[in-house]
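Asks: Now for the letters of each chain:
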Amino acid sequence: MVLLGSGLQYLKEGVTPHMWCPGCGNGIVLAIIFRVFEELAYRNEETVVVTGIGCWGKADDYVVTNGFHGTHGRALAFATGIKAFNPRLHVIVLMGDGDCITIGGNHFIHAARRNIDVTAIVVNNFNYGMTGGQVSGTTPAGMYTSTTVYANPERDVDICALAAVAGANYVARGTPYHGFELEINMKEAFDKKGFSVLEVVSPCPTHYGKNNAMKTPVEMLKWIKNRALPKAEYDSLDPSMKDDYFPIGKLVDKDVPDFNARYDEIRARAMKGRTA
Amino acid sequence: MEMFPNQTRLIQGNQAMTHGALYAGARFYAGYPITPSSEIAEECSVLMPKLGGMYIQMEDEIAGIAAVIGASLAGAKAFTATSGPGFSLMQENLGFAVMGEIPCVVINVQRSGPSTGLATKPAQADVMQARWGRHGDQTLIVLCPASVVECFELTVQAFNFAEKYRIPVILAADEVVAHMREGFSIPEEGELAVIDRKKPSCSPRDYKPFKADADGIAPLASYGSEYVFHVSSSMHGPDGFSNNDPANAARKIEQLHSKIEVHRDEIVITRSFQIEDAEVLLVAFGITTRASRAAARTAREAGIKAGVLQLLTLWPFPDKEIRFAAERAQTIIVPEMNYAGQVAGEVQRVVGPDRDIRRVNRYNGQIITPDDILKVMAL
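So the sequence lines, in the order shown, correspond to chains A and B.
For what it's worth, the working numbering labels the leading residue of the first sequence as 1, then goes sequentially.
For what it's worth, the working numbering labels the leading residue of the second sequence as 1, then goes sequentially.
Only chain A is shown next, with the shape it has when bound in the complex (with noise of 0.2 Å):
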C-alpha cells in the first residue's frame, strides 16, 4: 500500500537511493510527475515516458510505465512515432536542457511546430551534469562552467520563448522552489492537447553552483527562487530589469489541432482521392 495522493505507486521498487545528488531538483519533479500521474489516473500500459541523455535522462530507470530511453538528443523524435503511431498513448519526454535544446534543438523547434500531442518536461539546470558541467545551450552568457573557465562568451536560449515561437500550444516554467506552482503547470501540461512544455528551471549545486560561487544546494536554490517571478510581475518590470529576472507559471495556452487530429483529415482525403 502506497499513500493516497502521494504518486508512489509509478516509482520501481528497489531503484532507491537514487543518483541524484544532493540538492539536485530531479528528485523534485520526478515526485511531481508521479502525482499528477497518479491526479489524473494515468494507467501504466498506456504511458510511455521517453527520456534522452543526462541526468535527467535516468529518470526512466525509477518508473514503473512504460519506458525508452534512447540515445542523446532525438528523444522528441523517438516520441513523435509512438505518438503518431499510437494517439491512445499519454507519451511524457523527459529531456535536459543538453538534450532539449542543445543537441536536440532542431527536433525541439520541429516537435513544437508539428504540434505533436506529447508533454516535454524539461529541466533546465544551465550545464551538462553527467559529463561534468560543461557549458551547455542555456548557460547564461558570462558563467562558469568547466569548459568556460574564462566565462561563458556565448549567450543562452530561452527554452520557452522559442516553444511559443515554433508553435507549442502549451508552454509554462516553474521551480523545484515553487513546488506547488509547478504541479499546477504540469496537470495543464499533460492534459493539454497538442504539443506542451514545461521546463523546470533546476539547481545544479554540484558543477553549476560550485562553479558560481554557490557553495550550497540553499544558496543555488535561492539564486533561482530570486529570479523567478511570476509571469504578470515580470512583464511589469522596466525593461533594463528583465535580464537578471525569469517568469514562471503559464506563458502560453492555445488550442491549435495537434498533428494527430490533422492527420486524421488528411486520411480523409485520401480515402476520397483528393490530392489538392
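Please keep in mind that the hints were generated in silico from the structure rather than gathered at the bench.
Nothing here was measured: the structure is a model prediction, and the numbers come from that model.
Please note that a few of the clues may not be correct.
[What the hints assert, rightly or not] List of simulated lysine to aspartate or glutamate pairs, DMTMM-like, C-alpha gap at most 20 Å:
hint, chain 1, residue 1, chain 2, residue 2
1, B, Lys320, B, Asp354
2, B, Lys164, B, Glu191
3, B, Lys199, A, Glu45
4, B, Lys208, A, Glu219
Chain A is already provided as a structure; the job is to place chain B on it using the hints.
Replies: Just chain B now, with coordinates in the frame of chain A:
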C-alpha cells in the same frame, strides 16, 4: 500509384520497394527526402494515408529513423528510405535499433560519394558502411536488389527478417536499380510469405522484453498493449533496465550476434547462373549483376565457360556459397562500383590469399558495362 494484383505496369525500382513494403504490411514511413530515393517518400505520402497508415516528413534523417524506431515499438511495421549523406546521419540510431532489438527497414539507394559527391549518380560504395557504420560490437542484415522485381521481393524479405529476428535490415539498392523501369505485376496476397514479429504469450507480470526464447529471439510487445515494458539504448538486462554487470554485457553482445549466426542459412540468399561448370566465376551484386550476366553469356558464345554468383544478401556475407562456387573456378572476377573493392576484399578473405581475384572497379558515377568485364577475361 495504386497497383492491383495481376496488372502489369511499367514501374521504377523505388516504386517497387514502396509496394514491397506495403505488401509486407508496413503502415508507417518517416524520413527526409534525398536524391535518388525521394520517389519512395512521395509514393508513401500518397499511399500510406489511403491505407490508414502514416507518412511523416521529419526534420532530418536522424529524426526519420528515430520516428521509425518509436513507431515500431508502438506496433508498426515501419521504414524509411535515404541515400549517401542521409544514411550516414542514420548510423547512430541504427545502432540503437540493433541494441534495442527493434524491427525496422532502411532503404539506402546508394549514390556516388564521398560526402555530397555525385548526388544523382550510382555507386556501390556503402557495402562496408552498411555493415560497420556504427560504433561498437553490432551486426545486422543487408540485402541488395538487381531488378525491379527484386526490389519488390527483397523489400518483403527485409521486413520478414526484421520482424523475425528483431533487427534493422538495410536494403542496399543503387541509383540505377531505383530509377530504372521494368514491367512488374504485384503478387496476390498470400503469394509471398509475410512474417509478423513474435508477440509475448506469458502473463504481463512475467514479460521480459529481452529474454530470448530457444530460437535466440525474445517476443516483442507493443506500447499500449497489456504488456508494460522498458527499452534502452544503454546496456540492459533481460528486463530492459540498465545493467552494467560484465557477465550481462558479454551475454547481450553475444546474443546480438548469435541470433543472426545461428539463422545464417535462412538469411543468406544467392542466385547462380551457369556456375555448375564455370571456369570463370563472376561474383556480383546489385546492378552490376546484369552486366556480369551479359558478359558471361558473351564469354560462353566465345567458348569460355563463365558463370555468375549473385549475392542478394551482402551481410551476413555469403562465405559458404562463395567458397563452394570458387572451388571449381580457375578465375574469379568481382566487378563493383567502388574504388577499394569492398566485396572483392571479402571474397579474397573467403577463398584465401593464394587465389588470384581480378577486380573490376568503377568509381566515376558510371555503371560497369559487360565490356568492362570482358576486358579482364581478355576477350
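Asks: Does each hint hold? Answer for all of them.
Replies: Going through the hints against the structure:
Restraint check for lysine 320 of chain B and aspartate 354 of chain B: satisfied, since their Cα atoms lie roughly 18 Å apart, inside the 20 Å limit. Using a Cα cut-off of 20 Å, the hinted pair lysine 164 of chain B and glutamate 191 of chain B holds, with the two alpha carbons roughly 19 Å apart. This hinted pair checks out: lysine 199 of chain B and glutamate 45 of chain A have alpha carbons roughly 16 Å apart, not beyond 20 Å. Among the hinted pairs, lysine 208 of chain B with glutamate 219 of chain A is inconsistent with the structure: their alpha-carbon atoms are about 44 Å apart, more than 20 Å.
In terms of the numbered hints stated before, the structure departs from hint 4 and from no other.
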